[in-house]
Amino acid sequence: MTREDGLPAATPLDAHAYVEKVTSAPPWWRIVVNVALVFGVGGLFWSAVLYAELPLWAAVIGYAVVAAGVELVIWSVTRRHARRTRP
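By the count of numbering that gives the first Met the number 0, the sequence shown reaches residue 86 at its end, each step adding exactly one.
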């Protein structure tokens with residue numbers, strides 16, 4: 000085998016440019032907001048379900064839709080906040 004001098008050389012990488020900083024736990028306010036959403040929105044939803052006398056299957060599907068919507072809102076807000084705080 001022959002060595003070809005025309006091949007490009009490897010370039011060094013900065014690992015810190017590609018690795019996110021690790022956090023130990025979410026901030027306390029995110030925990031409080033999540034607990035408030037679970038119990039607050041969940042309680043209001045189940046109260047509305049009981050008031051409307053919906054069957055259990057409709058209540059479970061409705062709660063899954065509401066929970067997915069709330070998670071989508073939280074996800075979009077945190078992504079927007081992360082985009083604004085990037086250097």
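To be clear, the hints were calculated from the coordinates, so they are not data collected in a lab. A virtual CB, placed ideally from N, CA and C, is assigned to each residue, including glycine. There may be inaccurate statements among the hints.
What the hints assert, rightly or not - Distance condition first, Cα-Cα at most 25 angstroms in a straight line; then the derived SDA-like pairs of lysine to any residue:
| id | residue 1 | residue 2 |
| --- | --- | --- |
| 1 | 20 | 84 |
| 2 | 20 | 30 |
| 3 | 20 | 77 |
| 4 | 20 | 33 |
| 5 | 20 | 83 |
| 6 | 20 | 31 |
| 7 | 20 | 68 |
| 8 | 20 | 78 |
| 9 | 20 | 54 |
| 10 | 20 | 62 |
| 11 | 20 | 55 |
| 12 | 20 | 32 |
| 13 | 20 | 81 |
As the list claims (entries may be wrong) - Here are the computed distance ranges between Cβ atoms for each label pair:
| id | residue 1 | residue 2 | range |
| --- | --- | --- | --- |
| 14 | 78 | 35 | 40 to 48 angstroms |
| 15 | 76 | 42 | 20 to 28 angstroms |
| 16 | 10 | 74 | 34 to 42 angstroms |
| 17 | 71 | 10 | 51 to 59 angstroms |
| 18 | 58 | 18 | 42 to 50 angstroms |
Review point. Going back to the hint list, which numbers does this structure go against?
Key: Checked against the structure, the hints that fail are numbers 7, 9, 10, 11, 14 and 17, while the rest are satisfied.
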